Amino acid sequence: MHPVVKLVTQRIALGLLLLLAVSALIFFGVAALPGDTAQAMLGQSATPEALANLREKLGLNEPIVWRYLHWLGGFLTGDLGVSLANGQDIAKSVGQRLGNTLFLASCSAVIAVPLAITLGLIAARYNGRWPDKLISGVTLATISLPEFVAGYIVMYFLAVRWHIFLPTSLVFSSMGFLERLQAIALPVIVLVMVVLAHMMRMTRAAILNVMESAYIETAELKGLSPIKVIWRHAFPNAIAPVVNVVMLNLAYLVVGVVVVEVVFAYSGMGQFLVDSVTKRDMPVVLACGMIFAAIYIGLNIVADVVSILTNPRLRHPK
Amino acid sequence: MHNTLDIKGLRIEATSYPPGEKPRDVVLVNNVSVSVQQGRVLGLIGESGAGKSTIGLSAMSYGRGGVRLTGGHILLNGREIREAGPAELRTLRGREVTYVAQSAAAAFNPAIRLMDQVIETSLLHGVMSRTEAEARAVELFGKLGLPDPENFGRRYPHQVSGGQLQRAMTAMALCPKPDLVIFDEPTTALDVTTQIDVLVAIKTAIRDTGVAALYITHDLAVVAQVADDILVLRGGKKVEYGTTDQIINNPQEDYTKALVSVRSIDHDEKAEAPPVLSVAGVTARYRGTNFDVLKNITVDLPAGQTLAVVGESGSGKSTLARVITGLLPAAKGKLTFAGRTLSPALAQRSKDDLREVQMIYQMADTAMNPRQTVGTIIGRPLEFYFDLKGEAKRQRVQELLDEIEMGSGFADRYPAELSGGQKQRVCIARALAAKPKLIICDEVTSALDPLVADGILKLLLSLQAREGVAYLFITHDLATVRAIADKIAVMYRGEVVRYGGKTDVLTPPFDDYTDLLLSSVPEMKLGWLEEVLENRKMESAGN
Amino acid sequence: MRRLPVSALIGLLLTGAFFAVAIFAQWLAPYQIGEIVGGVWDPASSAHLLGTDSIGRDLLTRMIYGAQVTIFVATCATILSFVTGSVLGFLAATAGGWVDQALSRFVDLVMAIPSLILALVVLTAVDVTLPTLIIVMGLLDSTRVFRLSRAVAVDITVMDYVEAARLRGEGQGWVIFSEILPNALTPLIAELGLRFIFAVLFISTLSFLGLGVQPPLADWGGLVKENSAGLIYGKSAALAPAMAIAALAISVNLVADWVLSRTTSLKGGRGA
Numbered sequence: 577m578h579p580v581v582k583l584v585t586q587r588i589a590l591g592l593l594l595l596l597a598v599s600a601l602i603f604f605g606v607a608a609l610p611g612d613t614a615q616a617m618l619g620q621s622a623t624p625e626a627l628a629n630l631r632e633k634l635g636l637n638e639p640i641v642w643r644y645l646h647w648l649g650g651f652l653t654g655d656l657g658v659s660l661a662n663g664q665d666i667a668k669s670v671g672q673r674l675g676n677t678l679f680l681a682s683c684s685a686v687i688a689v690p691l692a693i694t695l696g697l698i699a700a701r702y703n704g705r706w707p708d709k710l711i712s713g714v715t716l717a718t719i720s721l722p723e724f725v726a727g728y729i730v731m732y733f734l735a736v737r738w739h740i741f742l743p744t745s746l747v748f749s750s751m752g753f754l755e756r757l758q759a760i761a762l763p764v765i766v767l768v769m770v771v772l773a774h775m776m777r778m779t780r781a782a783i784l785n786v787m788e789s790a791y792i793e794t795a796e797l798k799g800l801s802p803i804k805v806i807w808r809h810a811f812p813n814a815i816a817p818v819v820n821v822v823m824l825n826l827a828y829l830v831v832g833v834v835v836v837e838v839v840f841a842y843s844g845m846g847q848f849l850v851d852s853v854t855k856r857d858m859p860v861v862l863a864c865g866m867i868f869a870a871i872y873i874g875l876n877i878v879a880d881v882v883s884i885l886t887n888p889r890l891r892h893p894k
Numbered sequence: 053m054h055n056t057l058d059i060k061g062l063r064i065e066a067t068s069y070p071p072g073e074k075p076r077d078v079v080l081v082n083n084v085s086v087s088v089q090q091g092r093v094l095g096l097i098g099e100s101g102a103g104k105s106t107i108g109l110s111a112m113s114y115g116r117g118g119v120r121l122t123g124g125h126i127l128l129n130g131r132e133i134r135e136a137g138p139a140e141l142r143t144l145r146g147r148e149v150t151y152v153a154q155s156a157a158a159a160f161n162p163a164i165r166l167m168d169q170v171i172e173t174s175l176l177h178g179v180m181s182r183t184e185a186e187a188r189a190v191e192l193f194g195k196l197g198l199p200d201p202e203n204f205g206r207r208y209p210h211q212v213s214g215g216q217l218q219r220a221m222t223a224m225a226l227c228p229k230p231d232l233v234i235f236d237e238p239t240t241a242l243d244v245t246t247q248i249d250v251l252v253a254i255k256t257a258i259r260d261t262g263v264a265a266l267y268i269t270h271d272l273a274v275v276a277q278v279a280d281d282i283l284v285l286r287g288g289k290k291v292e293y294g295t296t297d298q299i300i301n302n303p304q305e306d307y308t309k310a311l312v313s314v315r316s317i318d319h320d321e322k323a324e325a326p327p328v329l330s331v332a333g334v335t336a337r338y339r340g341t342n343f344d345v346l347k348n349i350t351v352d353l354p355a356g357q358t359l360a361v362v363g364e365s366g367s368g369k370s371t372l373a374r375v376i377t378g379l380l381p382a383a384k385g386k387l388t389f390a391g392r393t394l395s396p397a398l399a400q401r402s403k404d405d406l407r408e409v410q411m412i413y414q415m416a417d418t419a420m421n422p423r424q425t426v427g428t429i430i431g432r433p434l435e436f437y438f439d440l441k442g443e444a445k446r447q448r449v450q451e452l453l454d455e456i457e458m459g460s461g462f463a464d465r466y467p468a469e470l471s472g473g474q475k476q477r478v479c480i481a482r483a484l485a486a487k488p489k490l491i492i493c494d495e496v497t498s499a500l501d502p503l504v505a506d507g508i509l510k511l512l513l514s515l516q517a518r519e520g521v522a523y524l525f526i527t528h529d530l531a532t533v534r535a536i537a538d539k540i541a542v543m544y545r546g547e548v549v550r551y552g553g554k555t556d557v558l559t560p561p562f563d564d565y566t567d568l569l570l571s572s573v574p575e576m577k578l579g580w581l582e583e584v585l586e587n588r589k590m591e592s593a594g595n
Numbered sequence: 011m012r013r014l015p016v017s018a019l020i021g022l023l024l025t026g027a028f029f030a031v032a033i034f035a036q037w038l039a040p041y042q043i044g045e046i047v048g049g050v051w052d053p054a055s056s057a058h059l060l061g062t063d064s065i066g067r068d069l070l071t072r073m074i075y076g077a078q079v080t081i082f083v084a085t086c087a088t089i090l091s092f093v094t095g096s097v098l099g100f101l102a103a104t105a106g107g108w109v110d111q112a113l114s115r116f117v118d119l120v121m122a123i124p125s126l127i128l129a130l131v132v133l134t135a136v137d138v139t140l141p142t143l144i145i146v147m148g149l150l151d152s153t154r155v156f157r158l159s160r161a162v163a164v165d166i167t168v169m170d171y172v173e174a175a176r177l178r179g180e181g182q183g184w185v186i187f188s189e190i191l192p193n194a195l196t197p198l199i200a201e202l203g204l205r206f207i208f209a210v211l212f213i214s215t216l217s218f219l220g221l222g223v224q225p226p227l228a229d230w231g232g233l234v235k236e237n238s239a240g241l242i243y244g245k246s247a248a249l250a251p252a253m254a255i256a257a258l259a260i261s262v263n264l265v266a267d268w269v270l271s272r273t274t275s276l277k278g279g280r281g282a
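Chains as they are written, first to last, in this note's numbering: chain W, 577 to 894; chain P, 53 to 595; chain X, 11 to 282.
Pulled out of the complex, with its shape left as it was, chain W reads as follows (with noise of 0.2 angstroms):
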């Protein structure tokens, strides 16, 4: 077997072997946790028949490990179980909240991508000149605001103040796909703007790192113009560190959206996570924790294996 091909493959099998110890630690952790999911639900007045009635009909007084196996293999067949506030499975209300937020994330990272490569490229090109100071200068003041105040600042100047848009983000399974669009412009600006100042200062790092690179210097002094310096030489070796920025971003992207979906009350998975821990409803919670940190996992594999794909000394092995 080609060595990359072994490397891809075992970089696969440590991330899968990785989210089942993230399933573990939730699972356990929240078990080993003071409190009490059957007390919570129930509040402190709960008789002890009632809280006995109730942790009987949650399976509480199975053993643990049982407990987890259950839930592990109900996840792995798409059966999350039911919520504890109103019933309902939760696999069924998860599935259309994760397209919408599915939907908004991949919106502001086509947006958000490509301007943040070409912003870091301008900057690293400029390098201690006055574009650089500029974008640099900005998107430092834009790393400091979480990302409820950026989202309130927008909402109040784009939708009170100037009516350029509307202020919350309601989407319906009806709505056409340009109505949808112009629904979630805020939340995909204000998502934009979090994630673009970390990945184009991370993006311009990465490729000042590879234009200090003693072989850039060999190729300048080839007679070779700046931009086949950065296109034939920079670029090649470039690509898996600006891979590594993005996905790094994009898997933050995944946690910036949970509160911007509360602030635009966008109905997505971030929503539903948050009021579901308001109502300590722990099957939803642990469902849409999971979910979450997959999509996070799933991100960082990727990033190793292209950076993985990328490097010409694993590719071509002595």
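Warning: the hint list may mix true and false statements.
Claimed, not checked - Derived DSSO-like pairs: lysine-lysine, alpha-carbon spacing no greater than 30 angstroms straight-line: (1) LYS290/P to LYS510/P; (2) LYS804/W to LYS229/P; (3) LYS709/W to LYS74/P; (4) LYS195/P to LYS255/P; (5) LYS289/P to LYS74/P; (6) LYS322/P to LYS309/P.
None of these hints come from the bench; they were simulated from the model. The structure displayed is predicted, hence computed values, not measured ones.
Mind docking chains P and X on chain W? Use the hints.
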């Protein structure tokens, strides 16, 4: 007919940014003039900071990292290029003048095949077609002694060795048929037996193609083999400029004389004495590996004398030091020190065992805690081993500073405020503070400029005469060995291949490896390279 | 005396001012914290410099007390994360072996889950009080401090001067406190600033989501949440605490940047 390169009254400046102070301009090169004709090689020689690389790169009108060419003339093929614009420079870089860097491993793009990089300039400047360029590259690969020239170019940089990369870089520089090639320390990073092959390859290639060349190095013996003329530089100024024959055989300036006579310290082998350290049948391997890095090593070090352990990288010479210090416990064998058995592991050794074996490192920079003053660094062993405190400690520190020929006022300084040679002296003082019977010196002079290194060697010798301390001297540099050793052990792939008194070891008949090693060390005389090639028994392995 | 850059000076002054407000909140606040003194979302006036909030309380007073809660929680969480993270990180680096393996793999595992998600899961199970918030935030964030201090310490332990100390026969105590710690301090101090910012943003976000500081106490994140409904009607009360969060984060960032740049210039030797 004009010269290929004419540099007149060159002045080069840069801006330095000392932390916490205002930036200021510093002059790197002042009023330097040189010229090179077609088919000639000019050697630029000097210590670090002499400005030799900076001058070399100025021939391409290139300043590295904010370096500015502020005055004088640079005439390439009769044309002034010092203030040429980027577009004009692009037409001559890679076409009329090319560059061979010190570390080819870093100078090649890891993501592109060697062939594409080697012929890139020829295609870019339209010198020849792809087929012609590839044919020329293959021819050059063959001429430079690279294995399998037809297929060599298909490989990626990481797939070939350091010596081969350095030759590939020479091929890359020669491929577009330039008028001038700049060689910037092309053999410095290589092992000594590899260096000689690359040196021969470069010399042949220069002769056969008839280009003009600038050859930059800190090693006068190396440049004596390839250059027709030599410019000696110091602190960015010209010291002496003449033919190679004149510089080597009849130097005029004191500085040049010192450079020529460097490493000619006279040191006669001492008489046989009882050993302070005996290494008997030592075998060692690193944890998690399955081969022995040291195989059945047996050597003795007489008290108050110096045993030099010589070998190239990977020979196991530094591992031997780790075994003796106890950092890497030996798997087999016995260490006897001052008549008593030394435990293999550091943790089991007595305080006296630790005190009497001290160590000096190659990089004095990392061997001293940057947050401690010289006084603390030297004072700590005094406090730790002898319980000296307060005024007594302070006085002893000053005595030690005097011994290493550093005056008062150094005790309060931090390592960052010292020069390279001073740092190494402080490390010596720290070792001496413990009143050791044995000091292990691990490549202690290889990071230093030749004259500074010479000073350190002289200091070590005089300290040995006074204090009677023994040295285990680990080095890859045979000239250093000649200067300091009483006994020599030659190591090759984890084994001692030759061992004995200095005179015996350095007198023929030799085994094949010792012959190769000894014959590879450049000597400060003309025609040495050709002589060696005729008399060699063994091909170097690491090319 | 090294010259202080203007940005660092501004950062230091602002950070100092924020901490002063937090410490002396009881004396600085013009009104009682729960006192209803005006109408709903009154605009700014001389009596109420920032106007009033969603039920007519003085916004400036709420902000001053909010500063106290935000900075108190963030400081406690930062201290907790630092003590836990750096002690374990140094331990892992100097002990090596299975101790290092066990700690590092566990930290990898925790860091594979986004902190906000993990915090939400944990806060579902436990009662949300100030101590639990501080513990959850501090422990989650200590994973990052662990990684940094372990990495810094590992870099230092392979230096020749640490080997020289070991060869001399020095004990573990001398090695950690005299050789490693002085060299690890500057990067850790810069990190302290960044961890504090992270804690401020984290507690604000949790409170904004309604899962952090619970009423009647209110931190800045909670104030944004309380007043967010007014934004749609053009009442900008929610923006004041939002700006305060950003201002605190930026000023600490400026200080941390300066400390970081000093670290790198130290690493670069004496610049000669």
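To see whether the hints hold, each was checked on the structure:
1. LYS290/P to LYS510/P: 28 angstroms, holds
2. LYS804/W to LYS229/P: The hint holds at about 22 angstroms.
3. LYS709/W to LYS74/P: 21 angstroms, holds
4. LYS195/P to LYS255/P: 11 angstroms, holds
5. LYS289/P to LYS74/P: With a Cα-Cα distance of about 26 angstroms, the restraint between LYS289/P and LYS74/P holds, given a limit of 30 angstroms.
6. LYS322/P to LYS309/P: Given pair LYS322/P, LYS309/P holds - Cα atoms ~29 angstroms apart, limit 30 angstroms.
Hint violations for this structure: none, all hints satisfied.
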